[in-house]
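Participant: Here is how the chains run, residue by residue.
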Amino acid sequence: VAFAGAASLELALALLVVAATVGAYGAVRARATAVEVARHALLAAFLSTVLAAALLELSFLRHDFSLTYVANHASRSLPLGYTAAALWSGQEGSLLFWLLVLTGLSSLALHLNRQLVRRSLPATVPVLAGVAIFFAVVLVFVAPPFATQIAPPDGRGMNPSLQNAYMLAHPPMLYLGYVGLTIPFGFAMAALLHKRVDERWVIATRKWTIVAWMFLGLGMLLGAKWAYEEIGWGGYYAWDPVENAALMPWLAATAYLHSVMIQEKKNMLRVWNVVLVALAFSLSLFGTFITRSGVVNSVHSFAQSSVGGWFLGFIVIAVTASTALILVRLPVLRGHTRMESVVSREAAFLYNNLLLVGLCLTVLWGVAFPLVSEAIRGEASTVGPPYFNFFLRVFGLPLLVLMGIGPLIAWRRSSVRRLLRTVRVPAAAAAIVAVALVAGGAADKPLAVSGYSFAVFALTTIVREFVIGTRARRSATGAGWARSATTLVGRNRRRYGGYLVHVGVVMLTLGVIGSAMFGATKQKALRAGETVAIGDYTLRLDRSYIRVAANALQLRAQLAVFRGGARIGTVVAGKNRYVVEGETSNEAAIRTDWRRAEDLFVIAEQFDANGTVWVKVLVNPLVDLIWLSGGIFLLGSLVTLWPQRRKPEREPRVAEVRTLVPAR
Amino acid sequence: MSVLGPLGFALFALTMAGLTLLPVLRRRDAGSPRLDVLLERIATRDRTLQELRELEFDHRAGALGDEEYAALVKGARREAAAALHAVEQAEVDLQRELEPAP
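Protein sequence lines, in the order shown, are assigned to chains A and B. Taking the working numbering, the leading residue of the first sequence gets 1, the next gets one more, and so forth. Taking the working numbering, the leading residue of the second sequence gets 1, the next gets one more, and so forth.
The shape of chain B in the complex, shown without the other chains (with noise of 0.2 Å):
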């Protein structure tokens, strides 16, 4: 066997020991408590919003009449006024963790 197989194969190695290493040479924060609970929270929101516009959809395409529609937009929209108010919180809240205290 030609010595140059496992020389080249040893340089692969350190090459893919060194790619699996380079997050060492860039720390990252892990994130906190307080993001996930506002991701999780924007998540929410975007659902209770596609909700809101799958509603509207089926009235206009006729699977919905009037009243039915009525009936259920008023529970959608205070769901997603509710998600919305969660959102606003969530970043508050962050916001709060991420200043410095006085």
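In isolation and in its complexed conformation, chain A is listed as follows (with noise of 0.2 Å):
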């Protein structure tokens, strides 16, 4: 198994390297057979890889502790589920796991948009090969997950806070999102090579970049729900270095899928989408620099390793020779065609632009603040959350507020006067929301008040847009309102598909301040019978015990719930220590009101001798609104990439035009 899965990862790296080599070949020379050669080359990477992978998922499954990297990251105790999944809990099997992925991703998007390639971008396909080098190169000379040594008789186990349901589908979820980005990178640097910068490549790679955007967000979401049952301190998210990792391409990438629809319909705004596009790529290369390198304190840090070096300096060499490509380029980039108007819909987006950009900015200014201070003043310094909630408040509210205005300018221009009198209803709900929080006690909280106003104007935009197309449809169609209103999603799913996202991020907004805002907590030490009150709810200990598990042992303490003197449930919060790992994990206890959307989350914090169990209890109100925003995302996304019929009315339209203006 070692070496075939050692010699299926060089084959790969030659195939990448043919790849590369004769795809530049057949770019420069336009010669469309060699750029066949460069595809079929990178597609036959791709299979290579995938029975790397295999080999290193079978190792694991016969707990072949002959594998270094196996022998590290499992045991013979470790469930089959995390056996499975620990081939991306480490180091070397994660840039494997990228590898796999982006050469799938890239043979999968240059098949789809072979016709494009071969005639109009074919430097694409050394581009992405490219990519994939650098991860060959370093799984082959840097860091081989097929590395041997004399079997133990059993591994070391996996690190007991990866071993949670979430983390099976977290860390690939963020790898799908990290390296879909390569795919509109790979293309948009096609382009410029090839002088080709209209709205093609922009088409070719819409799809993908949304594709990667969902994973990556989805990705965060499940982190965030692993963050909140694993590491137990009652919060989601903390903005921990390894977290804004993720985030920040997510936000560059935000902004392209915004931005792009400018370029798709107006031709504007091409030089701006390319540098997103390039942003979003080296951000998610920065994010893999910042997780795999160690070289920031996280709790994400599981693997540290030599690998920093190698990223850094592949970061510098993808983001010097895409900005100097696209310097060079800047002539051809720019567009004759100018914003008629700061109220108009393109305004709206640019805006929204800005906001999303810098606010990734700030965050990546406080991620690598730590990074620059230790290297210039030779003191490590951190950047805590005061700083990224200041700026996420900056530039997190007027966003809502764009949120609700933008799908209210008409596009090219509008004016003042027509859109006040459209934001008339969505203001007054608005109004309406801070008037209620204000009388219900929420006057010290104008953070809170201000948010949920926002979200309502939102919200409220949002259900104006529904109702008012659906409206519009009926009285084109004649057709009931279910009807119309599906035919009109289904008709325009980019646009709903959108609307829809913007609810989830209504949702999570809710979520986020809500249990930010409205939490409360306390702790106390208990001994069996006595109790804690916290908001309505009191909780009594009725005993604590020790069990034993396959992995772990698990310290337990059962505490019954009461709510207006009535038993409600009953909840176990309590701690595992796993003896392969030497290691001990918090195992807290949350009890889901879905009614409230409100989490009561137990934490059993220490076990005395004596029986005392010290425990923190919080209430997290509106908190599941933000996992329940999750699905509402994900819904989104979909009806978005659904794909779209053709329209019947093309040609008629066509025809009318014509009559209306002769051509020339």
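Watch out, some of these pointers could steer you wrong.
If you only want the chain A side, here are some residues facing chain B, beta carbon under 10 Å, derived [what the hints assert, rightly or not]: (1) Leu11; (2) His40; (3) Ser48; (4) Gln115; (5) Leu116; (6) Ser120; (7) His194; (8) Lys265; (9) Arg345; (10) Ile409; (11) Ser415; (12) Arg471; (13) Ala472; (14) Arg495.
With a cut-off of at most 20 Å between alpha-carbon atoms, the simulated EDC-like pairs for lysine to aspartate or glutamate come out as follows [said to hold, decoys possible]: (15) Lys265(A) / Glu54(B); (16) Lys522(A) / Asp608(A); (17) Lys616(A) / Asp542(A); (18) Lys207(A) / Glu264(A); (19) Lys74(B) / Asp46(B); (20) Lys265(A) / Glu68(B); (21) Lys616(A) / Glu229(A); (22) Lys74(B) / Glu340(A); (23) Lys265(A) / Asp46(B); (24) Lys207(A) / Asp46(B).
What the hints contain is simulated information worked out from the structure, not anything from laboratory work. The beta carbon of each residue, even a glycine, is placed where N, CA and C say it ideally should be.
Hey, can you piece these two chains together into the complex? The hints should help.
Facilitator: Here's what the structure looks like:
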């Protein structure tokens, strides 16, 4: 297995070199056969990587501890699901998984766009192969997953924090997101190399960007859920550098997904779009560097090794090369279309982009500052949550308002008078919410009041858009409300899928503000029979005990939960002591009230020998809206991605235009 | 180590080499600059027609008044017509290139 695994990675590297060199030759000399050979070489490299990944997975399932990587990340007592997922639990396996996804997505994207690639953008093949070569080189020479040793009787097991169901899906989702951003980067760079900077590369990669962005977003949400359940401090996002590492490319990709519509519709922002694509790709590399290098202190720094320098070098090459290419191609990138008015949908998209990129860059500075500080002054400093929270408010609140205003403004040009007239209803809804919150006692929380008002403003706009669109459709076709609503969405999936994603963002906002600003916390040492009260809950410790599981000793505290004097359930919180790994993890108890979207969160912080259990209890209002927003986000993304049927009315419309303005 | 391992891998490597060289057996044309121009103009045509649809939708949904719509749709129709004309011209140019010289 070790021989075949290492050889298949070397074969993949060789094939990628063929893809890059033959592809570059084909692109420069306009040789279609060479481009096709390069494309096939990339596909063969993918199949070789599949073989390598399958062999490593097989080694995990067979507990082949003669492979150092397997011995370091699995044990005989590790449950089957975690053993299978151990492939991406460490450095070498993660990089192998990355190469697998990168070559797979690249091959698929090149196959689906093979006509465009062969005729117009052949340089896409060598660019994508070039990125894959970096990962293959690291896997073959720096972090080989098939290194062998004398097999120990048992492995060292998996980091206990990773032994959580969400960790089965969280890393692959993030990788799909990170790697997916390479596809638009490859096409964009090829468009620049060939000076074919029209919107064809944008159209070819639009859905790829949405897929990458969707996986990145879902990966972050799953990571937040994992942190919420597994780290056990009652929160879900701590502005940890590794969490921010995923947030930054997501923000850049979000900005791109908005601005790219302007290029498609108006042929504007062409420079800005290639900058955003390059930024998102570079940030995905930077995110991997942060996660894998161990240069920052993070709860997620599970693997620290020597690949950091390699990543840094590759980031420098990627940023320098893409920046130079953009600068060289500025004359052809600059469009002739100008924005007609600062009160237009194009302008709203631009403001939205500036805010998203502003937030992205401030997060980047917060992540990079400790590194820069250490490099320059020799002393490490940290940037804490207050910094990030401040900028989240500065950029996030106006973004909410723009999310509401955007759909109300017409393309090209609108007037302030018309805009004020169309925002009347959403503004009134926002004002009602603000007044109700202040009257309800939230006057001392202006941030919560403004956040909720703006969220309701945006939500009302979206509802209004659906209602008006459905009504217009109904009057045009005479169909019923339900049929009109579904055909409305079906005929413009991108627009209404986008609105659904906005609903998810509103839910996320409500959840974050609710849990962060209206929650409660209490800590107390309890003996059996004693109680702790928080909000309208009372908890009574019934008993504490130890249980022996397959891979851990489980210390548990069982508490009865009462509300309004009535018993409403039981929660069991505790700790797991992992014997093989020699580590302890928190196993918080979470009782969800779906009607209130509220969690009762119980942490058993300490078990004393005399039976006393130190508990920390939190009430997290509306926190479940955060997880539900993931479902809406996914639904909206899928609606957007669903293939649009060809419109039969295209030809009559062309004929109509011909009649109106005779062709010269 | 069993000899089957290296042999099996050698077979796999040969298959991958065959897959890579497969396009050599079926050569393809790279296309022409005129074809590229045509494809670019088709993309522009689609964009301008989509813009017309958006204007119409905004007008129907009330985001655009009658006067604003009339002013904007005039320019958009002109752009769409020019894009259609450009596509037709590119088609003619490509056809000329493809036809053998008399």
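Participant: Hint by hint, say whether it matches the structure.
Facilitator: Hints versus structure:
1. Given hint, Leu11(A) at the interface with chain B, holds; its Cβ is 6 Å from that chain's nearest Cβ, closer than 10 Å.
2. For His40(A), the interface hint holds, since its Cβ comes within 10 Å of a Cβ in chain B; the closest pair sits about 5 Å apart.
3. The criterion of a C-beta within 10 Å of any C-beta in chain B is met by Ser48(A), whose closest approach is roughly 6 Å, and the hint holds.
4. The closest approach between the C-beta of Gln115(A) and any C-beta of chain B is roughly 9 Å, which is under the 10 Å cut-off, so the hint is satisfied.
5. The restraint placing Leu116(A) at the interface with chain B holds, with a minimum CB-CB distance near 8 Å, inside the 10 Å limit.
6. Interface hint status for Ser120(A): upheld, as the beta-carbon distance to the closest one in chain B is roughly 5 Å, under 10 Å.
7. The closest approach between the C-beta of His194(A) and any C-beta of chain B is roughly 9 Å, which is under the 10 Å cut-off, so the hint is satisfied.
8. At its closest, the beta carbon of Lys265(A) sits 6 Å from a beta carbon of chain B; the interface hint therefore holds under the 10 Å criterion.
9. About 9 Å separates the beta-carbon of Arg345(A) from the nearest beta-carbon of chain B, less than 10 Å, and the hint is met.
10. Interface restraint check: Ile409(A) against chain B, minimum CB-CB distance 7 Å, threshold 10 Å, status holds.
11. With a cut of 10 Å, the hint placing Ser415(A) at the interface with chain B holds, because the nearest CB-to-CB distance is about 8 Å.
12. A cut of 10 Å between beta carbons decides the hint on Arg471(A): the least distance to chain B is about 9 Å, and the hint holds.
13. Of the supplied interface hints, the one on Ala472(A) holds, with its beta-carbon coming within about 4 Å of a beta-carbon of chain B, less than 10 Å.
14. Hint status for Arg495(A): holds, given a least beta-carbon distance of 9 Å to chain B, under 10 Å.
15. A hinted pair counts as satisfied when its Cα atoms are at most 20 Å apart, and Lys265(A) with Glu54(B) qualifies at roughly 9 Å.
16. Pair hint Lys522(A) plus Asp608(A) holds up; C-alpha atoms about 19 Å apart against a cutoff of 20 Å.
17. With a C-alpha separation of about 16 Å, the suggested pairing of Lys616(A) with Asp542(A) holds against the 20 Å cut-off.
18. Distance check on the hinted pair: Lys207(A) and Glu264(A) sit about 13 Å apart at the alpha-carbon level, within 20 Å; holds.
19. Distance hint between Lys74(B) and Asp46(B) is fulfilled; the C-alpha atoms sit about 17 Å from each other, no more than 20 Å.
20. Restraint check for Lys265(A) and Glu68(B): satisfied, since their Cα atoms lie roughly 19 Å apart, inside the 20 Å limit.
21. Between Lys616(A) and Glu229(A) the alpha-carbon distance is near 14 Å, which keeps this suggested pair within the 20 Å criterion.
22. With a C-alpha separation of about 15 Å, the suggested pairing of Lys74(B) with Glu340(A) holds against the 20 Å cut-off.
23. A threshold of 20 Å between alpha carbons decides the hint, and for Lys265(A) with Asp46(B) the separation of about 9 Å falls inside it, so the pair holds.
24. For the hint linking Lys207(A) to Asp46(B), the alpha-carbon distance of about 17 Å falls within 20 Å, and the restraint holds.
Violated hints: none; the structure is consistent with every hint.
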